[in-house]
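In order, the protein sequences belong to chains A and B. Per the numbering used here, the very first residue in the first sequence carries number 1; after that it's consecutive. Per the numbering used here, the very first residue in the second sequence carries number 1; after that it's consecutive.
Keep in mind that the hints were calculated from the coordinates and are not lab data.
Within a straight-line C-alpha distance of at most 25 Å, the following computed PhoX-like cross-link-like pairs (lysine-lysine) qualify: (1) A:Lys40 with A:Lys53; (2) B:Lys18 with A:Lys163; (3) B:Lys49 with A:Lys132; (4) B:Lys53 with B:Lys66; (5) B:Lys49 with B:Lys66; (6) A:Lys14 with B:Lys112; (7) B:Lys112 with A:Lys40.
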Amino acid sequence: MKKRFRLKPKVEQKAVQFLLCLMTSIAVLILIFILAVILKNGLPEISLEFLTKNPAHMGREGGIFSTIVATLYLTVIALLVATPLGVGTAIYLTEYTFEGIVTRIIRFGAECLAGIPSIIFGLFGFILFVNKLKFGWSILSGGLTLAFMVLPTIIRTSEEAIKSVPAAYRLVSYSLGSTRWQTVTRVVLPSASPGIITGVILSLGRSIGETAAVIFTAGSALHLPSSLFSSARTMSVHFYILAREGISMPKAYGTAAVLVIAILLVNIVTYYLMGKYITRSSRE
Amino acid sequence: MAGGNMIARHEGSDRLIKISLLVVAFSAVSVLVIITIFIFEQGLPIMMKYGLKNFLLGQNWFPSEKSFGLLPMIVGSLLVTLGALVIGVPLGLASAIFLTEFSNRRVSRFLKPVIELLAGIPSVVYGFLGLMFLVPFIREKFGGSGLSVLAASIILGIMILPTIISISIDSIRAVPDSYREGSIALGATRWQTVRMVVLPAARSGLVAGIILGMGRAIGETMAVIMVAGNAADIPGSLLAPVRTLTSNIALEMAYASGEHREALFATGVVLFVIIMILNFLANLAARKQYRKK
Chain A
1 MKKRFRLKPK VEQKAVQFLL CLMTSIAVLI LIFILAVILK NGLPEISLEF LTKNPAHMGR
61 EGGIFSTIVA TLYLTVIALL VATPLGVGTA IYLTEYTFEG IVTRIIRFGA ECLAGIPSII
121 FGLFGFILFV NKLKFGWSIL SGGLTLAFMV LPTIIRTSEE AIKSVPAAYR LVSYSLGSTR
181 WQTVTRVVLP SASPGIITGV ILSLGRSIGE TAAVIFTAGS ALHLPSSLFS SARTMSVHFY
241 ILAREGISMP KAYGTAAVLV IAILLVNIVT YYLMGKYITR SSRE
Chain B
1 MAGGNMIARH EGSDRLIKIS LLVVAFSAVS VLVIITIFIF EQGLPIMMKY GLKNFLLGQN
61 WFPSEKSFGL LPMIVGSLLV TLGALVIGVP LGLASAIFLT EFSNRRVSRF LKPVIELLAG
121 IPSVVYGFLG LMFLVPFIRE KFGGSGLSVL AASIILGIMI LPTIISISID SIRAVPDSYR
181 EGSIALGATR WQTVRMVVLP AARSGLVAGI ILGMGRAIGE TMAVIMVAGN AADIPGSLLA
241 PVRTLTSNIA LEMAYASGEH REALFATGVV LFVIIMILNF LANLAARKQY RKK
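Only chain B is shown next, with the shape it has when bound in the complex (with noise of 0.2 Å):
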């Protein structure tokens, strides 16, 4: 019957369908995959060779002279996005729990797509207005060159912040309002009910914005370029300069070749791995709350 030819036919084409579908989808997986066999390809190598030790707690990066230590760079990119966090993170929050709990309608209507809007302004003006107002504010204020830990740390807290405050407002309100009335209603304030209601309900999600943050932070690379200074040694001090692993690559690139580029390759290796952990930290973190609740 034609009917039953028809559907069988559309069964048919459907079945194909499906099967390209799934090949599409494994692209991000794919990418994933070769992402992480190339890095690893070109930077294991040089690493194996001169002895993982060397490369990870080594402190002298001299790669004219075959010297291939990253301590300094690995310290660095953790300072500087503990240093973000230390500044984003309080700024962040209390700027989501104004909007979504004390401000009226009206303010956190305007500001939330504005600070939103902020959100997608490239690093590299961050790093540049960074270098231009932040780093001789420093160098007057505080001496030293103004390049350094502490620019990079402001430069970043302030990049994240419109992460940070956007996922958390939007946690915050979904937290059902009908936990603030039960709070209320028992007599509790405001910030009473803020802070043992509605902080704890939305609190994976507190913790997720936070960790793309952080992620955002230990990733970047053209702003800190700008404001760290650079010098690949381990920073005795907020205002010594500072060298991540990120501006570790992006430096040296450019002119980079033979072993010295495969030593930025293992850079690059170190890089992916902290924040593999730290996502996975984090993530873990995050349910184990999720579970609680």
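If we strip away everything but chain A, and leave its shape as in the complex, we get (with noise of 0.2 Å):
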């Protein structure tokens, strides 16, 4: 056997470790200067005026405030039609029936669905909403895309949530004579909506950042949107579009910053509410 050079364990411990401090001192370091750009960049932009009127020239000038009341639009129609569809398949799969082929179908479906890049279900989106359905770029059509988009999310974290309400709760809800459905609707989602709103709120992070499925879909326009039907531009395509043709770096820096902080509000509310149910859920 080929004699191999070792190291003392000892001394490859050191050396390991400080490698993987240096490593992840990396990796730490370039994450946060990412933060730090766009907010120090970003922050003296953003003003009252900014958040609340209207841009103009292109963007040029003005704020972003009809760019903000799209992605509100745009993110609530996408959670309005997410959420029963994923609930309602993470309640079928959990409560309604058993391990089997119809369940591993549903799962695979899911899984499958996950996978795919946002640009294909931006192609989707404007062959189906926009053109076959003629709903043309609009509210709806992005809406009804991002929908599709999050539904992945939502069946897998409810689906979670659900499972991981302890077997005892139903018992006791059947041993007291309610159906199948009053339990589920009385006793089990109580007990896993901290989970399934975590789920939800994710889903509300990737689709407020989300770009490339929106722009086929909702379009570009930069007017106040007035139906659903209206043409919109969501924030994160307000950035792309700002900074791809170099409109205006500091306004672009100013919606990144506003686009980051809401994602990262959004997702401290969520590892808010996580840490509540992991502590609840393992104290029980």
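Using the hints, build the complex out of the two chains.
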């Protein structure tokens, strides 16, 4: 056998520890640098005016009010459509059936859907909603496309949440004579709600930041959207256009900062909820 | 009897509920099927018309001259994804190992949420910062325009870091402490324990994290467009510009029509198939590891 050069285990341990520490620092510093740059350049741009005025001159001047409104509309539609579908799927998978070929197909479908890149969702939304159903570039097309995109996330998190509800809860409910549906709606869902909400908020964050799926379905009109069928530009699309076409770097940084702060807030709320959820379920 | 009646009524409504839930539960599957049908319906005819071989192996993408070779974009997508993994996987795994096994508790308690929060930063932001800082840096240090395979790989590598780190941390933490105690009791050092006991035990989770990162890298569009230069040629070096399948779609979709638009859907078909194959292979690998255990 070939003799291999070997360090003494203790020396090796020290070396590895140093190397790992170094690599971790690099990774963390890069990520923090990104956040710092956005906030440092973006925060000075943010003012009440920036948040409440519509963009003017292609975004060179004015604020980002209409893009904030568009982002809200789109995410609300996405969540309104995706949450019932996702939670319903999770309820079916966990409470109404046994593991078998059907659940395997459903899970496989959700998994595959989760792996599809957002640009494909964009293409699909463009053909189905914009062209075939004639919704045009609109809030409705964009919202529905996003709904399909976040559906797997909501299914997965809701399923986990429902699964973690102790079986004893259900048994007690059944022994009191409740039907399955009563048990689900009055015992299981309330108890699983923090976990379900976590998934919904996670999807909210993802829809706020999405660009590729939205730009071909909601379009990029800058005016304030007036109906479900009007085209609109979300914050992330606005930021992309400002940056890529070099329209205004200060405005781009400002928009990016609003976007990042919004998503961080959303994620912090999620994290807080998840923490609460975990401490509660570990106590039980 | 009134009671029996009530139960019968409940049973009836329960069945109705079950059927409606089943319909809802097939929503994800139906969406998947519809997406597949639509993308293939739009993209396949033109691939058949000009020949599958010309599409997949053709090196020239000149839509105005009806030349739709996708090879440069296929190579481009695979290259930047590989590059992203080369950068993201070692850094990500190292961070996960350090934070779970070598750092003190307080540090990892603080850093894990921070890293997870950063996973939410939209990809356009990564692309923008790449354009502002990384591209000029590469231009000055290595020459060329800076818009390159290298820039795209680094940006994607950084972008997938939070995903890889947080999933790896979870799967390393899931390894029971008794494994570590057993190994340490046998006289192994911490690192030997990690290398020979913890990592093999956490393997399927680690692979899953890497797969997810890979999926994110190959599917990413906006960040790549901003830093990759987007020339539709097979890149000759790390400093050459590159166009991926995703950016090919996003760059031209806004103004494409007729056969050109169909060719973009064909690009979508190729991307779709590549991703399904990669997912399948990766899942297979993960499952095999799991079974061996």
